[in-house]
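Participant: If you want the building blocks of each chain, they are given just below.
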Amino acid sequence: MIGLIPFFPLLGFLINGLGGKRISERMSGIIASVVVGLSFIVAITLFGEFLKIGTPLEQTLFTWIAVGKFTVSFSYVLDSLSLVMVLVITGVGLLIHIFSIGYMKGDPGIQRYFSYLNLFTFMMLTLVMSDNFLAMFLGWEGVGLCSYLLIGFWFEDPVKAAAGKKAFIVNRIGDFGFLLAMFLIFSRFGSLKFMDVLIPQQIAQIPIEIVTAITLLLFLGATGKSAQIPLHIWLPDAMAGPTPVSALIHAATMVTAGVYLIARCGILFAASEITMSVIAVIGILTAFFAATIALTETDIKKVLAYSTISQLGFMFAAVGVGAFAAGIFHLMTHAFFKGLLFLAAGSVIHGMSGEQNMLKMGGLKQKMPTTYWTMLAGVAAISGLPLLSGFFSKDEILWNVYSSQFGGNILFGIGLFTAAMTAFYMFRLFFMTFHGDRRWSKEVSPHESPKIMTIPLIMLAVLSVVGGFIGIPESWGGHNFFHQFLQKSTQDATGYITHQYSSGLLLSENILMILSIVAAIGGLLLAYRFYVQRPDIPGKISKSLSIAYKLVSGKYFIDELYGLLFVRPLRNGSELFLKKFDISVIDGIANGSGKVMLVLGNKLRRIQTGVMQNYAAVIFLGVISIIFYLYLK
Amino acid sequence: MVVPLEHVIILSGLLFSIGVMGVLFRRNVIIIFMSIELMLNAVNLALVGFSRYHNNVDGQVFVFLVMTLAAAEVSVGLAIIVALFRNRQTVNINEMNLMKN
Amino acid sequence: MTLSLLFYIISTLTIGSALLVVLNRNAVYSAVLLVFTFFNLSILYLLLEAYFLAVLEIIIYAGAIMVLFLFVIMLFNVGKEQVLPKIMSFQRAVSLFLLVIFFTGVSLFTIQGVQDLHQPAGSASIGNVTAIGEALFSKYLFPFEIASILLLVALIGTVYLAKRKI
Amino acid sequence: MDLSLYFTRQDLWGILPEIVLLVGALIILSIELFARSQRAAMLGVGILSLVIAGGFASKNFGSSFILFQGMVTLNDYSTFFDLLYMTAGIVTMVISYNYLERKGGETRGEYFALILFATMGMMLMTRGNDLVIIFLGMELLSLSLYVLVGFLRHDVFSNESAIKYLLLGAFATGFFLFGAVLVYGTTGTTNFQHIASAITNNEILSDTLLSLGIGLLLVGFAFKVALVPFHMWSPDVYQGAPTSVTAFLCTAPKAAGFGALLKVFLVAFPALHADWQDLLWALALLTMIVGNISALVQTNVKRMLAFSSVTHAGYLCIGILVLNEMGVSAILFYLLVYSVMNLGAFGIISLLEKEEKGVNFKDYEGLASKHPWLSASLALFMLSLAGFPPTAGFVAKYTLFSSAISEGYIWLIIIAILNTLVSVYYYVRLIVNMYMRTSEETLVPFLHPLLSVVIFILAISIMFFGVLPGWLIDTVTQAARIYT
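As you go down the protein sequences, you meet chains A, B, C and D in turn. With our numbering, the residue at position 372 of the first sequence is 372, and numbering never jumps. With our numbering, the residue at position 55 of the second sequence is 55, and numbering never jumps. With our numbering, the residue at position 34 of the third sequence is 34, and numbering never jumps. With our numbering, the residue at position 160 of the fourth sequence is 160, and numbering never jumps.
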């Protein structure tokens with residue numbers, strides 16, 4: 001039964017992949033959606049069963065690798081953690097598949113597109129449902145490959161193909177960490193099964209340095225997949241793919257695999273304080289820096305990309321401080337609202353005939369009402385406006401960052417500030433797109449998207465609005481269903497972490513909540529002022545009034561101040577840190593090491609002269625080296 | 001045995017080195033090939049020495065087999081050289097570098 | 001004693017002719033000198049009491065293989081090698097250096113392990129035709145058969161590659 | 001003297017596969033005597049004799065024999081390799097079916113006969129239990145390969161790679177023989193067991209000469225399997241040889257080289273393996289890195305695959321370093337998977353090749369849209385070579401690396417993993433060219449049904465051994481257990 005969940009998308013992949021052009025455009029979309037839908041139904045059924053039984057469901061399909069005492073079986077397991085993931089993947093995935101039918105209409109490679117999308121779903125499900133590291137790695141590699149294929153889907157464009165390559169290379173760096181960690185785990189624990197490895201008594205016997213090494217290597221894998229500093233560079237470029245792909249892979253599912261990995265191995269991670277601190281700091285820094293970049297980006301998808309990196313940073317901060325449930329909670333709500341935002345952006349791009357630059361949008365509210373309202377829900381949710389899904393999850397993270405021993409005031413402060421920035425840039429995006437002047441050219445005629453695209457939007461919007469209620473904080477007297485549900489999977493890990501919930505804290509959870517509401521609304525208002533009110537005011541003011549008035553009126557002043565004190569240094573700093581760092585260091589390492597390799601390769605090439613005698617001389621040199629070796633021994 | 005074993009081995013080593021020198025120095029494919037024969041003969045000499053020293057016949061049978069190989073290799077080698085010469089009219093090893101990086 | 005003296009004299013001749021094989025520019029001279037080297041080697045085999053092999057050396061190497069070489073040299077009519085601009089190019093210098101190292105290495109390894117090893121005892125019967133014949137048809141029966149296949153392969157290959165029209 | 005003592009019924013049964021191959025080769029040669037261009041008949045006889053020989057060989061599974069007074073041993077280890085060579089031989093014959101004609105040559109009986117002789121030589125290399133047999137097997141193999149590489153006699157590239165291969169091969173054989181002689185000289189025997197017992201009983205003439213001998217033997221094997229710095233021949237020879245021969249050249253002989261090298265270390269010098277650790281370590285490291293970096297800059301697919309096979313030899317060298325049951329079984333597994341991948345890859349390249357086109361990366365642009373199945377198979381072989389799960393290439397790398405990790409070679413494995421990451425670049429480059437580029441002019445494959453079936457089977461087995469490697473792992477473990 002469990003095996004059916006990944007089986008259906010695999011089936012869909014085979015049908016669409018092998019059928020190729022023989023399957024009509026319409027049919028391939030339907031097949032792809034139906035198989036994911038079936039998986040979703042099975043997942044729901046199993047969810048009910050799980051609630052009844054309360055113990056993880058398992059199914060061993062076959063023994064994969066058996067060498068000596070070491071065996072790895074290919075088995076799927078559904079516990080609360082993987083159930084959440086499976087529901088998100090199949091549920092949000094289904095909506096995105098349906099959306100794609102409308103979005104990709106008329107594309108000549110649509111069968112290929114859907115087959116990749118189904119393969120991706122299969123791989124992602126394998127990733128989250130496998131009961132051992134090796135099968136997880138299969139999914140891990142598989143989703144990377146699909147992501148690569150889908151980013152480069154419109155391969156006629158060399159820039160897009162290059163983006164795919166970048167994503168691929170960066171992911172391989174992460175995979176290196178994962179593989180090595182896996183070998184280390186195998187050599188230390190003698191097994192790769194989660195059940196055998198993730199036992200506190202087992203871990204306690206391993207030297208702490210080894211645990212730290214393993215977890216840091218796993219974290220390296222996670223940073224690669226989840227686009228955290230310093231391996232974040234591929235995600236903005238990955239936006240070259242079709243927008244639904246960005247929604248599914250680069251927002252809702254694949255990029256969260258790193259968070260899932262850490263949550264899954266929570267016990268292991270929690271055993272190493274160093275790793276935990278590193279994760280928390282990297283997470284918050286990523287959240288912060290990515291948000292600053294998003295402040296001034298004008299490409300609608302790029303804003304969302306940086307916002308994704310930033311939100312992933314929040315999730316990492318959460319798992320880094322030991323709040324695994326909070327991290328997964330945010331992962332889930334993020335899947336709702338980021339999936340929604342991307343799809344809505346896709347709808348806008350679709351309506352604008354492929355235009356992605358927000359400077360050429362504006363005033364789309366009347367033209368695309370459904371998109372407008374659904375996107376508003378998404379923007380409000382991600383900004384953390386009260387009672388929406390993002391509010392609960394982000395708030396929980398901030399609270400945990402504040403109260404955990406791995407967190408602290410500074411991290412919390414940065415987090416809160418980032419939350420305010422999030423509200424600002426998201427509403428900026430919203431206002432620039434839907435309000436203000438119509439800045440698009442004559443040829444473009446914006447139109448609302450067809451039903452097949454708007455219905456998924458509406459459903460995701462509903463989820464974004466109400467999705468947070470399954471995790472109402474306990475300080476509200478609520479009954480945090482989500483926490484309790486995940487407890488089974490994460491309690492052992494949290495056992496390691498001594499939360500200082502009660503003593504020595506200045507602020508209570510409710511006060512923090514008010515702070516974050518203030519931050520969110522502050523950001524919203526600021527954005528409103530700049531991008532809805534300002535455009536007509538500055539012109540008048542500067543014409544008729546003196547500089548003094550400008551200062552008093554504050555419009556320009558604030559704007560300038562904002563520019564001077566806030567945006568520019570931050571942006572410069574971030575540019576220095578993210579973009580320049582990208583180019584010089586990470587790209588340097590990725591491309592540079594590639595270049596070094598190529599240069600070395602060209603050097604080696606010269607040895608290969610084609611003259612047999614030189615080869616003989618090299619062989620002879622080898623003989624001499626062996627004689628030397630023997631002589632030295 | 002007429003001389004100490006080590007003298008035979010050193011002689012064989014010297015002969016082998018001269019063979020290697022020929023392979024590394026000469027440009028004419030045929031002479032390179034002759035030098036390889038020299039190397040094989042050096043090996044045979046050592047084998048005979050060892051065989052005599054151990055007083056067992058294995059070494060001499062080995063020499064017999066090496067000679068067979070040498071004959072076979074020479075015939076195939078020369079055939080390849082002939083085929084090459086037909087197409088390229090050269091036996092200079094330096095000119096045989098169509099394939100390189 | 002005279003025999004050992006003879007051994008050293010022949011050794012010197014062997015080395016000398018082998019060096020000339022490698023160093024002179026004329027392919028025909030090289031081939032003839034190589035034949036001379038094989039004759040010397042054959043004498044060395046005799047001195048080491050390998051009578052059968054001494055005969056084989058002459059028959060196979062000098063008689064068959066070298067004739068083949070000479071034949072091909074004549075066929076191509078390749079005279080002298082073109083003179084290289086530098087007699088001692090960098091590569092040659094390095095190669096020579098490596099050769100010296102190689103030879104020194106082999107000698108050192110030999111001298112370190114083996115010191116003045118004579119084997120005076122023993123019947124000289126291992127070198128005669130009977131002993132080798134018996135070995136070939138008993139213990140070495142299988143390798144002997146493989147050697148025949150080796151020659152068959154060489155035959156097939158040579159005919160295919162060298163024949164003008166097949 | 002009673003000859004029957006030296007040639008028993010058991011001996012005869014044991015070498016039956018060799019006899020079948022010999023008879024098959026002779027029949028093929030005779031067919032040509034009576035009727036020219038009987039390509040199908042010759043192919044049929046060739047495949048049939050390989051299948052029959054394989055049948056006789058596989059009868060030995062589970063039992064072991066010592067033949068010809070210790071000259072040859074038959075056991076699961078040798079049988080595994082026998083079947084590997086025969087599979088490679090069959091696939092090579094199929095992909096050669098009309099390849100030579102497309103390159104302006106002629107498919108003749110000698111071609112198939114030589115493949116059979118080469119197979120016989122390889123079988124002797126891993127069956128042999130005596131330096132003499134190993135030597136003869138290696139030369140039988142080499143001689144056949146020299147001719148096969150130069151089989152396009154009117155093609156200058158083929159000529160040139162044959163002469164390079166021959167001269168360098170003979171040069172390396174010189175060192176190998178010198179090593180074998182020194183081993184014989186110091187231990188007084190060429191039989192593996194006797195060598196091993198002489199070493200353990202310390203009845204050797206000289207330690208230093210013995211180690212020199214082993215070192216030179218290693219040079220011979222290293223040349224055969226193309227370890228750096230003894231690899232220089234391989235790219236040129238792979239490029240110039242007919243692609244169908246390259247497919248053979250880069251798979252089975254490499255397996256034979258590793259098989260014989262392993263056997264020498266396992267049976268003759270088990271006591272001395274520890275002395276060679278550092279050298280093998282360095283060889284593995286150097287081979288991986290140089291092979292990989294050189295492969296990055298290639299524009300010719302055959303050269304790229306040549307360097308890639310050098311890199312794989314580097315990984316395999318790690319297994320020789322480990323040399324316990326897990327390591328040896330990992331090598332056997334790897335060799336089989338490696339052979340299947342490369343046979344598939346070269347097979348597809350050979351059927352896409354026409355005159356000058358088909359060997360450069362550029363030629364593959366836009367292939368996927370015209371020939372989706374073929375491209376998918378080639379992509380699968382490339383992904384497997386790169387070590388992606390769930391292909392067999394991943395399982396092979398994984399078992400090999402974990403055997404090394406459990407022996408503590410962590411740094412070497414870190415470098416090996418980094419190398420696999422780099423290697424992805426050039427494998428995926430071919431996939432990118434096929435799938436993500438377009439070109440007006442694409443290659444046209446010369447498919448015949450048999451070839452399609454063979455490539456399909458190869459592709460399926462890559463997936464199969466990736467998803468369900470259990471049976472194969474059991475087999476290789478059983479084979480590895482013989483000597484470890």
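Simulated from the structure, these hints should not be mistaken for lab results. Because the structure is a prediction, the values reported are computed rather than measured. Beta carbons are placed, not taken as given, at the ideal position from N, Cα and C, and that holds for glycine. Please note: incorrect hints may appear among the correct ones.
Here's a subset of chain C near chain A, in silico, CB distances under 8 Å, partners left out [unchecked claim]:
| id | residue |
| --- | --- |
| 1 | Ser95 |
| 2 | Leu98 |
| 3 | Ile101 |
| 4 | Phe102 |
| 5 | Gly105 |
| 6 | Ser107 |
Calculated from the model, a selection of chain C residues having no Cβ within reach of chain D, i.e. all distances over 12 Å [claimed, not checked]:
| id | residue |
| --- | --- |
| 7 | Gly16 |
| 8 | Met74 |
| 9 | Leu75 |
| 10 | Gln91 |
| 11 | Phe137 |
Only pairs whose alpha carbons sit at most 25 Å apart, straight line, appear in this in silico BS3-like list of lysine-lysine [said to hold, decoys possible]:
| id | chain 1 | residue 1 | chain 2 | residue 2 |
| --- | --- | --- | --- | --- |
| 12 | D | Lys370 | D | Lys357 |
| 13 | B | Lys100 | D | Lys357 |
| 14 | A | Lys302 | A | Lys365 |
| 15 | A | Lys442 | A | Lys367 |
| 16 | D | Lys357 | A | Lys105 |
| 17 | D | Lys354 | B | Lys100 |
| 18 | D | Lys362 | D | Lys59 |
| 19 | D | Lys357 | C | Lys165 |
Participant: Starting from the hint list further up, note which numbers the structure goes against and sort them upward.
Facilitator: Hints 6, 11, 16, 18 and 19 are the ones this structure does not satisfy, whereas the remaining hints hold.
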